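Those sequence lines, one after another, are chains A and B. In short: position in the first sequence from 1, add 200, done, that's this note's numbering. In short: position in the second sequence from 1, add 616, done, that's this note's numbering.
In case anyone wonders, no lab produced these hints; they're calculated from the structure. Please note that the accuracy of each hint is not assured.
As the list claims (entries may be wrong) - Here are the simulated lysine to aspartate or glutamate pairs, DMTMM-like style, with alpha carbons at most 20 Å apart:
#1 K550(A) to E649(B)
#2 K215(A) to E802(A)
#3 K582(A) to D821(B)
#4 K403(A) to E649(B)
#5 K550(A) to E642(B)
Predicted model, so just to flag it, every value in this text is computed and none were measured.
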Amino acid sequence: MADEKLPVEKFPIEKKVGAYICKGCGLGERLEGAQLTMIAERDAKAHIVREHDFLCSEEGVKMIQDDIDNEGVNCVAICACSRRAKTEAFRFEGVAMSRGNLREGVIWVRPDTDEARETTEEMAADYVRMAVWETKFMSPPVGNEEAACQRDILVVGGGVSGLTAALETARAGYPVTLVEKTGQLGGKAGQAWKAVPDRAPYKDPVDTGVAELITACEADDNITIHLNATLTKTAGAPGRFEADISVESGTTVTARFGAIVQASGYEDFDANKLSGLGYGKTPDVVTQQELEALARAAGGGPIKRPSDGKEVKSVAFIQCAGQRSNKEGLLSYCSGHCCATSIKQAMYFKDQNPDIDTNVLYRDLRTPGAGGEDFYRSGQEKGVTFTKACVDGVEVAGDGLKVKFEDLILDQDSEENVDLVVLAVGQVPNSGVNIDAVPLEAEEGSEEGIEAKPAEVHVPLESILNLDYRQGPDLPQLVDGFTDSHFICFPYETRRTGIYATGPVRRPMDIISAREDATGAALKAIQAVENAAVGRAAHPRSGDLSFPQFRKEGCTQCKRCTVECPFGAINEEDGYPQFNESRCRRCGTCMGACPVRVISFENYSVDTVGQQLKNIDIPDEFDEKPRILVLACENDAYPALDMAGMNNIEYSAFARIIPVRCLGSVNLIWITDALNSGYDGIILMGCQKGENYQCHFVRGSEMAYQRMSKVDDTLQSLSLEPERVATYEVAITDIERAPQLINEMAETIERIGMSPFKF
Amino acid sequence: MSDMGSVAIEKYRNNNYRNNFLHEVEAHVEGGEWVKMCMQCGVCAGSCPLGPHWAHPPQEIFMMIRAGKREEVLTSDSMWMCTSCYNCIVRCPRGLPITHIMHGLAHYAHRLGLAPEKQPTREFAKLFWDNITKNGRANELKMGLSLYFKDGFGSGVKEAMKNKALGQAMMKTKRMNPMEFFGGHGVKDKSGLHAMLAKAREIEDAKFEQGK
């Protein structure tokens, strides 16, 4: 059963395995320590095996450290609690370490009864075997040799987000280069007359603060500003980006950067598509942005309407113009800022002359942010009328405009004659080329939505970053053209490590949110620079020093790794993959993709998992003891199972759980090997996939699903029932469901019988 | 009083979704300045025990005011349905004194002569006012009788006979004095009271002319 060959090529020194079995936390009372010691010694062939009553104590840790120092132990297998527990105590430099989960994974999920004792012991024995075999095939990560430290940070876009990011970065002591496409800093907000207040008492419109921001950036010695400049090429990786900046004079400046902040902002939704609301038919129907220009022209005096210069005496604001709609060609989402913006703009009129009638026609009034509600109330106090209405259309009527709408409170068709109509059109992200729209989606066919979008939203399809990446010139987009990010856990991260999207390019937002957002992105960029300098991974495996390596002689140049990498970390060089370690997030999706299994990490490889599942003891068919292999995502499913243990939720003693970095790293060979070695059932637990994905590596779980859809062939060729392999989406909160899934598989096996592949 | 109504109409010319009527309400109705603060959440409508019996719940009345629907609001019987339970005031997230505004609107409509003629709450209020201001004390016997006979003699006798047993029981336990029918008890200085009320009305009318 045991494969005696140790992988020598990666970790040339002789391996000496120390297995340490803890007897604390009730382990000593529930499990036969002597039995486990014997298994570690005889079955798993650990060189040194020691028991301890309290392994994570100072004394216990010292015992291990002494073995490392004096006995030459370089592979440590700690058979105690979950790998998620006591990470502070069990931290040993320069050695490979694995953890056998005897506490959360065994005694806490099994009843303390005489009948259960035998199967619980078997479970513990297997976890000891797994820990020892795993560590034998691991080597301590040495860190990325290509680590580079370029401290300069590139900010793309000179609006509020870009300026804030530049200023915050510069103030933290990092040199910044800011590239602005137009000839002027300040962006959209710079053209506004006033801004929604960002502090108490939230009563009146305030200065935008953009002028001060520009002055501060211009005065900062750490900030270099290029106006009328674009990026013509961006190559490299975090810590060593190389950007060609085409500057005003027509020449190209090439500079090196550690990280990039993309604050390319938004464009207004094209109001010409809203002809039903009168836009384009008369100049007296304007967008919010255009009203800002009218207000600036008025400079605090009476605002005049564009058609004839008459002072506006009545104005209607139409909210959600072309937004929150399921009609084709309109925006499906809410842009968030428009309600507060309309209240602010109504105040432009009311503050100047309280007799001007201002009517805000809204469907749902939303004023997010700390002061939103106060600002709304202030608008009401100033006499702005708010009407919950569904606007049917705007017509030119006599001297002015007639707004026709259904009053949703009075439930009747109404109309109002006004001098000016303001449309709250939405924000369309300026995120450049939709790199997924071109070849990938075309293959899938029916999904025309993604392909149709760039045409709909009228954003120039020029690339922003012009990335010299195999995967395309810009950041991948999630929905509606907004750049991708794990919205809940890592909002700033994009799928291109070291490049952070901020401001309305990431999600619709106002000035206040953009400033906060940009500050966050600046800090993330700094973190990326520092991580790159020491070869550390960014989230979610922050601090991980391992990185993928591949055996070139085995590679068949199939390119699956380069295509499937969610982060565009792998380029091609002469047909072979070229890993950009600093771009890598260490998910192992490439490892899972590789059909010839030549990709591995020092501490995570096809072998570290493969050896675990091969060395689990499989009782023969007549023992009535099936074995269920559970490959659980370490981010969500594994913690959920740990928590099930903490809550003493029992599950089948036949399950053997192996954490994986991401379901995307699951190589089909593990499934084939498991089926061949006589496992009766296999469960894969990953995160939610699709548009509202929860996968920490964005596309890992989706890749796993795609691969697993092909596992049926394997099952058929082995004449096995398809129920034996199941893939589930498990969230970290599925504390009761995850054990239930395991129990269901146990029931299924009871129903369909044991696997015939036992030897 | 109805001429005063037309004066006000002239002053606050009706116009859709212009703030004219809102300004009128703010100037003349108790609590009227709060109307603009309603955010249309509908908690008042949901809290009102008489909710199903109103043509327009409070939040709708407020929207009608903002939409300039003067006639509809002032001739409506909705605000007359308020029983002053104060549920809406307690629950209004914006702190609007809704009960007071309802009474203010009813009062204002009454003064303008626009309130619905046969609205029972209004009729009861009128009878009660006449009853109590006559002697300065409530004459319960006469109050009851005037309510019975408000729709004419025939129905009055019928109503009175229906409550015969109750009336007799009240008399037996000395809860009601039949002698009250002849004049009844009152305050010491009736003419002084009447002069006071006349003066109060004069002041209020003057206030009404210029807005409260």
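Hint-by-hint comparison with the structure:
| no. | hint | result |
| --- | --- | --- |
| 1 | K550(A) to E649(B) | 17 Å, holds |
| 2 | K215(A) to E802(A) | 14 Å, holds |
| 3 | K582(A) to D821(B) | 29 Å, violated |
| 4 | K403(A) to E649(B) | 18 Å, holds |
| 5 | K550(A) to E642(B) | 17 Å, holds |
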